[in-house]
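**Q** Sequence:
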Amino acid sequence: MYFVLRVNIFRIFACLFFKKMKFLRFVCLFCAAILGSTAMAQSQRELQQLMRNRGEYYFTLSVDDPTQIQELSRICSVDGTDGRNVVAYANQQEYDKLIALGFQPELQTPPSLREEAKMWEGGDRATYEWDSYLTYGQFVSMMEGFPTSVTNGANCTFLDLGTLSTTNHRRILGVRLNNGQPDGKPKFLYTSTMHGDEVTGMILMLRLINEFCTSTDTRIQNILNNVDLFIFPCTNPDGTYNGGNNTVTGAKRYNGNNVDLNRHFPDFDDGAHPDGASYYQDECQWMMDLAQEYLFTMGANYHGGAEVVNYPWDTYQPLHPDDAWWQYVSSEYAQLCQAVSSNYMKTCNSNGDTPSGITNGYAWYTITGSRQDYMNYYGQCREVTIECSKSKTPSASTLPNYWNYNQNAMLTYIEQSLNGVHGFVYDGDTGEPIEGVTVTVLNHDALGSSVSTHTIGDFHRPIKGGTYTFEFSKEGYCTQLVEVTVTDGQRVDLNNILLTPGNNCLVPYFYVSASNVSLGSSISFTDASYGDIVSWNWAFEGGTPSSSTAHNPSGIMYNAAGTYDVTLTITDAQGNSETLTKENYIHVIESYNMSNTTVTTCDALFYDSGGPTGNYSNNQNYTMTFYPSSEGAKVSVNFSSFNIQNASNNYWGGGQTINDYLNIYDGDNISATQIGQYYGTNSPGTITATNETGALTFVFHSNNSTNASGWVAAVSCIYPLIEQLVTFEPEWNWWTPTIEMSLDDLEAALGGNAILINSQDEGFARYDGQGWSGTLTEIEPGQMYRILTTAATEFTLSGEAVTSTITILPGYNWFGYTGSQSKSVATAFGDFTPTEGDTITAEDGTTATFTNGSWDDIFILTPGHGYVYHSNAQESRNVTFE
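For the sequence shown, our numbering assigns the number 28 to the initial residue and increments by one for each residue that follows.
Quick caveat, the hints were computed from the structure, so don't treat them as lab data.
Do not take every clue at face value.
[Stated by the list, open to error] No farther apart than 30 Å at their CA atoms in a straight line, the calculated lysine-lysine pairs in the DSSO-like style are these:
1) K501 - K491
2) K501 - K145
3) K491 - K373
[Said to hold, decoys possible] Derived DEER-like restraints, expressed as beta-carbon distance ranges:
4) E148 - Q75: 29 to 37 Å
5) E805 - Q248: 50 to 58 Å
6) D456 - W157: 49 to 57 Å
7) N179 - H300: 43 to 51 Å
8) A818 - T717: 36 to 44 Å
Don't be surprised by glycine CBs; every beta carbon is placed ideally from N, CA and C.
Sequences and hints are given; from them, build the entire structure.
**A** Okay, structure coming up:
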């Protein structure tokens, strides 16, 4: 027997200041849970019996340590939290484990039992006004009837994924809508109500199907003509009709086997069974099978309990490669809803203003095994989670309101699958379409974001506006590259991509490490590791070419300064070759004649590739002194080769009675301490100054007329040690080192007080209580790291001061401020040219905006702190902090 609550709960409209986005859901859920329980005034004993009968517990609890929430999420289904208080669900086993671990849940009245749901009294579907809920029988009848009741010429196919093995034998039903010619079109998936008590989306989906079956509106017809649309209104019917086939009152979150389906999918970060199950529930397995069969281009899964668009990832902190696109389409959806009702789908940001209606899932609150993450990582489908009503089971009379709020946004979101880059890939010899070609956006795609061609060779890739290089590859074919420029809201078609069969393929492109190479650094060529490349040749225009059989040659040096066109020639095992060119690359490596020369070093690391060089007279001394550019720094010279010969091609010391030699002094003149005397190929190794000036002096003594052409040495500086005081709060901290340091140093300093270190490039290091593991390999000054600590942590780091150059890419950039002192945004970015509307956001949510040619300096950049720069520019730009 269920206890049914008939109460009207007043609405609370308040924008509260919260630091983390995850608090927003908690406000709605916690208030609803407490108000519902208070109004009903049921005792804990009554609720205990009720929930034992249901097989599902709904409760709130408090924790002393925020890190316990991660432990809780491994045990039960956390539905919302503010870091100290939690709203959650649990099945019997999960609940018993909570009690055994000492947690003290406070049971609350389940959302679906606070008001008796109004059910449709039945009749012709044409008379249904969408202001009541359907019985299970009505739902099945409506789904089965859609194909036969089409009035606008649409092609509607009834889909039955299967009958659940639970006692009520309910079915997972959907429809497929198009114009009868689905091939070659993006496939789109709408689903709802995988949590059985979140039923608003189910009615939205049913009404959307009805519109596609009956509307003659040109917009509807255009979607039917160009999209292959799948809709499944209720993917957990056992949960929705837990109270019986004739009511949704008493609906529960979990399925008929008491499993939370949105914690049950394979998780790319937490394994195949993140909830510890040994097999997949039918509801999940059938959806995974559907996703693998059709490879949907886009999709959305509707939930309830909040009003927000939640985009990937849920399980993983590093941003999705298409994060900028996600924010663009998610904001579009929320804003279209807000245009209908200013009070709908509005959430406060971290400043308590500018309601956005969107959130990154991980930033909201972390879960594992979500449907959204599975579809994006494993299914090539850009799926979002749409929380469409704060009440999970709202009063039926309000259901038409939610349709009004979402109708335009739902259609617009489908239409986004038509934008981006689309095309067809064919066999270059036969002209036949090729299925299974991997389409990768170079220097962009990761974590499952690439797509594959379908049965007739078609591919569909929604992407944020910009210029990209698309790579088309499949085993047995030569890789093809195409550069594409696309605009937001627009479509680019590549309808004739031809792949040449065979494995005798030349690399069709090469990378160069930078377009402007600083003094002394070198250009590195990197191939794509395709084909059978046996040799490389490269040259600067007007210079002497070099060659290598190495697959990834680097460190190419050329003894001149200037701007050149770089040419790369590659040759395969069969002797086929291809030449490619990159224009206007700057490469500077200096050579020195030792004639009382002084050189200031460390403005940039450089190579001296010819000292001593030139003609040297008999019985003369030639001097060169290296000075560091920064006070307190010391010069260090690492001889990578030392092979000097005189004009007669005799190495120094090569049996001569009188020898040429090289003296090195630890100072700025020959009165300083002599470090050593060297002949021929007797290499000095690494020489480091220790004196106050930080200088090194080299004296070459020539006993014969000598044409010397011999050492190669990396000249760098050792900077004086500085200290950085680091203070972390027991939460996420945005941080960067201001000194050179290793990941081991950071992990040792954190001790056992940290759980996770994340970088923007998706690297992570995780502490499990025993040790560290993960993909992060180094810590770079100027890169921002998010560090989750479990306790207040303070330590001091000591090392060399750094000057960092940050590359600001279009879109969102994490960066760390490494300046020597705190500065305003305008001062710190004084040599940088922003774009109108650029923003810099601090850890507390404070944002500086570049408007009308200047920054509204509302905060100070602090050394060692991390920030997020959002760039509206179309190109990358650099900024250096000193």
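**Q** With 29 to 37 Å as the target window, see if E148 and Q75 comply at their CB atoms.
**A** This hint holds: roughly 35 Å between Cβ atoms.
**Q** Taking 30 Å as the top limit, are the C-alpha atoms of K501 and K145 close enough?
**A** violated (55 Å)
**Q** Against the 30 Å threshold, does the CA-CA distance of K501 and K491 hold or violate the hint?
**A** Judged against 30 Å, a Cα distance of about 25 Å means the pair holds.
**Q** K491 and K373: Cα distance at most 30 Å?
**A** Roughly 24 Å between the alpha carbons, so the hint for K491 and K373 holds.
**Q** Is the gap between the beta carbons of A818 and T717 within 36 to 44 Å?
**A** Since the Cβ atoms of A818 and T717 sit about 41 Å apart, the hinted range of 36 to 44 Å holds.
**Q** Do D456 and W157 keep their Cβ atoms within the hinted range of 49 to 57 Å?
**A** holds (55 Å)
**Q** With 50 to 58 Å as the target window, see if E805 and Q248 comply at their CB atoms.
**A** For Q248 against E805, whose Cβ atoms are near 55 Å apart, the range 50 to 58 Å holds.
**Q** Is 43 to 51 Å right for how far apart the beta carbons of N179 and H300 are?
**A** Given about 44 Å between the Cβ atoms, the range holds.
Hint violations for this structure: number 2 only, all remaining hints satisfied.
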